[in-house]
Structures are given as structure tokens and as C-alpha cells.
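Whenever a hint applies, use it, and build me the whole structure from the sequences.
Here my numbering is used: the first residue of the sequence shown is 1, the next is one more, and so on.
Hints listed in this document are in silico derivations from the structure and should not be mistaken for laboratory results. Among the hints, a few may not be true.
As the list claims (entries may be wrong) - Straight-line Cα separation of at most 30 Å, DSSO-like style, residue types lysine-lysine; simulated pairs:
(1) Lys122 to Lys167
(2) Lys93 to Lys51
(3) Lys167 to Lys93
(4) Lys21 to Lys129
(5) Lys21 to Lys195
(6) Lys11 to Lys185
(7) Lys77 to Lys167
(8) Lys69 to Lys175
(9) Lys239 to Lys175
(10) Lys185 to Lys122
(11) Lys77 to Lys31
(12) Lys167 to Lys11
(13) Lys66 to Lys31
(14) Lys129 to Lys46
(15) Lys51 to Lys175
(16) Lys118 to Lys238
(17) Lys95 to Lys51
(18) Lys160 to Lys31
(19) Lys195 to Lys95
(20) Lys11 to Lys238
(21) Lys169 to Lys69
(22) Lys46 to Lys108
(23) Lys21 to Lys77
(24) Lys21 to Lys93
(25) Lys169 to Lys8
(26) Lys11 to Lys175
(27) Lys160 to Lys122
(28) Lys31 to Lys93
(29) Lys51 to Lys69
(30) Lys195 to Lys77
(31) Lys66 to Lys193
(32) Lys11 to Lys77
(33) Lys238 to Lys129
(34) Lys195 to Lys239
(35) Lys46 to Lys185
Said to hold, decoys possible - Taking CB as the label site, the calculated pair distances span:
(36) Gln116 to Val211: 37 to 47 Å
(37) Thr106 to Asn205: 20 to 30 Å
(38) Gly189 to Arg227: 39 to 49 Å
(39) Lys51 to Glu94: 34 to 44 Å
(40) Asp72 to Glu94: 33 to 43 Å
C-beta atoms are modelled at their ideal positions from N, C-alpha and C, and glycine is treated no differently.
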Amino acid sequence: MNQENEAKKLKIFTTVNDFQKEDANGIVADKRLIGFGSTSSYINDKGEEQKPNALQVLQHLDRIEKFLKASDIDPRKMPIILTGDRVVDDNGKEKSETTMVAKYFTNKYIDPETAQTKFINKLMISYGKNTVNPETGEMEYAPSITATRGKNGYVLDSDKYINQQVKEKFIDMSKNVDSYGNSVKFTLGMNDKIKMHNEYPQLANLTNYIVEQGGVAMTEISFAQGRGAVISNVNPIKKENLQKIHTENLEQQINKGLDI
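Here it is, written out as C-alpha cells:
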């Protein structure tokens, strides 16, 4: 690994919660919920407060994609759940009013200059549910927006290619904060614990360790020459220190992304 790669690291807040869920037939299944923190306000290098926004959400999804790759997972197979617009219910608890689903995918195209086949990384964020047209029987997919990965991460595609209502909802959700100053929360779209152990052993081993250490950690990802993203360190965080961490705005490190 060269000096540049040694200096390039990414940190992502990671939470793991095990629970059981009973289905309609009374069958109890083991579940594991993996979270990746949330976007929030932070102080930049100039000492200025940066409010949560849509770009932060896209940057966070970019970091989660690198986490998945470092865990030997094809990101295209793993949706990410975004929740936001939290309000206080009748019991005094905050609940999310908006849920969106982010999916990674790739587009193939022919370079007009070289005539070579190339691939570009894309991101689709959908709002609502897929439905079946009662007349045709065809699947009608939930409205969505897309983003394309550029040199500095994902950027929303041109307005003429995306659903404007979903875009407005996404931007509004990205700006709204709860009583803790957090905006959009991120969780892994797959929570079947047995499937995780069978199909994604590296992720299972990592999250097993985090559970053993209390369920909360800062996962560090490095970029090794010839190997790409690798998980280089896991620093457990005691739950009693979470409020202190929030107060000291450790999320600044997460929101800034790469420490170069």
C-alpha cells in the first residue's frame, strides 16, 4: 500500500440490533438490524455549521456502498432503507413519516469515441410501493429519482430524467431534523439473520463482533492497492457515551467522509 492509500480512510457509524419476529403463521425468525447512523449538522474545516441536505444523503449512500464492498458484498444486491421526517406521536415517541428505498445498479453503454463497452455506477431512490396494474397485470414500479457517480461521488440526474415529486420529497426529508438534530437514518434492507450468515459470512462475522462489544461501533475502511475497500478497524462505542458523542459532533467525521 502506498503512502497515499495509507492516508485515505473512511469511517462509518455502525449499529447492530438482534431481535425476533413472529409471522402470521406463528413462526418466529431471528432478525438482525444493521444501521449506519444518520445525516446531521456538523462544523466544517472553516468553522461553519453545515445543515443536513440532499448531497449529504448521497455522500452517505456512497460510503455505505464502500462498506458493502469492503464486506465482500455486491451492493447491487443490497437495498438501503432511508427514513426521515420524524414527528412525535401520541405516546411522545418520535416516528418516521417518510420511507424511501435506495438501490445501487450499473448502466452499460458504448463509448462513442472508442466504441468500447463501459459501465457507470448509478443509484435509484424510490418512494412508495410497486403495484400491479389490474387491467394489464404488469408491474408498475414506485416513482423514483436516480443519481450518477462522478469523480466526487453521486449527483442527482437531470430533472428531465427523474420524478419531480420524489425529488422534492427527498430534498425536504434531507433537510428536516428531529429533536436530536439528526435527519435521514440509514439501515440495511436485509435483516434475515440466517440468510446473512449463510450468504454474507464476512458481514455476519463483523456484526457478530459489534454485537459482542455492545452493538455500536465506528467501522474504519481503508483502500488497499490492488484490493480496493477493506475493513481495517472496528472501534466499539459504549452506549452510555452515545449522547456525549453526539454532543461533541463525532458525526462530523462521518459526514466529511474520507480523511485525507
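Verification of the supplied hints:
For the hint linking Lys122 to Lys167, the alpha-carbon distance of about 16 Å falls within 30 Å, and the restraint holds. For the given pair, Lys93 sits about 24 Å from Lys51 by alpha-carbon distance, which is consistent with the 30 Å threshold. Restraint check for Lys167 and Lys93: the C-alpha separation of about 28 Å stays at or below 30 Å, so the hint holds. For the proposed pair Lys21 and Lys129, the alpha carbon gap of about 22 Å is at most 30 Å, so the pair holds.
Between Lys21 and Lys195 the CA atoms are separated by roughly 15 Å; this keeps the pair inside 30 Å, and the hint holds. Note on Lys11 and Lys185: the hinted pairing holds, with a Cα-Cα distance of about 16 Å set against a maximum of 30 Å. Between Lys77 and Lys167 the CA atoms are separated by roughly 24 Å; this keeps the pair inside 30 Å, and the hint holds. With a C-alpha separation of about 28 Å, the suggested pair Lys69 and Lys175 falls inside the 30 Å cut-off, and the hint holds.
Distance check on the hinted pair: Lys239 and Lys175 sit about 27 Å apart at the alpha-carbon level, within 30 Å; holds. Taken as a hint, the Lys185 and Lys122 pair is honoured in the structure, with Cα atoms around 21 Å apart against an allowance of 30 Å. Distance check on the hinted pair: Lys77 and Lys31 sit about 18 Å apart at the alpha-carbon level, within 30 Å; holds. Restraint check for Lys167 and Lys11: satisfied, since their Cα atoms lie roughly 28 Å apart, inside the 30 Å limit.
Of the supplied pair hints, the one linking Lys66 and Lys31 holds, its CA atoms being roughly 23 Å apart against a limit of 30 Å. Our distance criterion of 30 Å between C-alpha atoms is broken by Lys129 and Lys46, whose separation comes to about 42 Å. Note on Lys51 and Lys175: the hinted pairing holds, with a Cα-Cα distance of about 7 Å set against a maximum of 30 Å. For the given pair, Lys118 sits about 45 Å from Lys238 by alpha-carbon distance, which is inconsistent with the 30 Å threshold.
Between the alpha carbons of Lys95 and Lys51 the distance comes to roughly 21 Å, so the proposed pair stays at or under 30 Å and holds. Between the alpha carbons of Lys160 and Lys31 the distance comes to roughly 40 Å, so the proposed pair goes past 30 Å and is violated. Restraint check for Lys195 and Lys95: the C-alpha separation of about 28 Å stays at or below 30 Å, so the hint holds. Distance check on the hinted pair: Lys11 and Lys238 sit about 17 Å apart at the alpha-carbon level, within 30 Å; holds.
About 29 Å separates the Cα atoms of Lys169 and Lys69, which keeps this hinted pair within 30 Å; it holds. Pair hint Lys46 plus Lys108 does not hold up; C-alpha atoms about 40 Å apart against a cutoff of 30 Å. The hinted pair formed by Lys21 and Lys77 meets the criterion: a straight-line CA distance of about 23 Å does not exceed 30 Å. Our distance criterion of 30 Å between C-alpha atoms is met by Lys21 and Lys93, whose separation comes to about 21 Å.
Using a Cα cut-off of 30 Å, the hinted pair Lys169 and Lys8 is violated, with the two alpha carbons roughly 34 Å apart. Straight-line distance between C-alpha atoms of Lys11 and Lys175 comes to about 23 Å, which keeps the hinted pair within the 30 Å bound. The suggested pairing of Lys160 with Lys122 holds, with an alpha-carbon distance near 16 Å, which does not exceed 30 Å. The suggested pairing of Lys31 with Lys93 holds, with an alpha-carbon distance near 23 Å, which does not exceed 30 Å.
Taken as a hint, the Lys51 and Lys69 pair is honoured in the structure, with Cα atoms around 29 Å apart against an allowance of 30 Å. Restraint check: the Cα-Cα separation between Lys195 and Lys77 comes to about 13 Å, which is no more than 30 Å; the hinted pair holds. Restraint check for Lys66 and Lys193: satisfied, since their Cα atoms lie roughly 21 Å apart, inside the 30 Å limit. At most 30 Å may separate the alpha-carbon atoms for a hinted pair to count; Lys11 and Lys77 meet this at roughly 22 Å.
Straight-line distance between C-alpha atoms of Lys238 and Lys129 comes to about 37 Å, which puts the hinted pair past the 30 Å bound. For the hint pairing Lys195 with Lys239, the CA-to-CA distance comes to about 27 Å; that is within 30 Å, so the pair holds. Proposed proximity of Lys46 and Lys185 is supported: the alpha carbons are some 26 Å apart, at most 30 Å. Checked against the hint of 37 to 47 Å, the C-beta distance between Gln116 and Val211 comes to roughly 46 Å, which is consistent with it.
Our hint of 20 to 30 Å for Thr106 and Asn205 holds, since their Cβ atoms are close to 27 Å apart. The beta-carbon spacing between Gly189 and Arg227, approximately 26 Å, falls outside the hinted interval of 39 to 49 Å. For Lys51 paired with Glu94, a C-beta distance near 19 Å fails the hint of 34 to 44 Å. At about 35 Å, the CB distance of Asp72 to Glu94 agrees with the hint of 33 to 43 Å.
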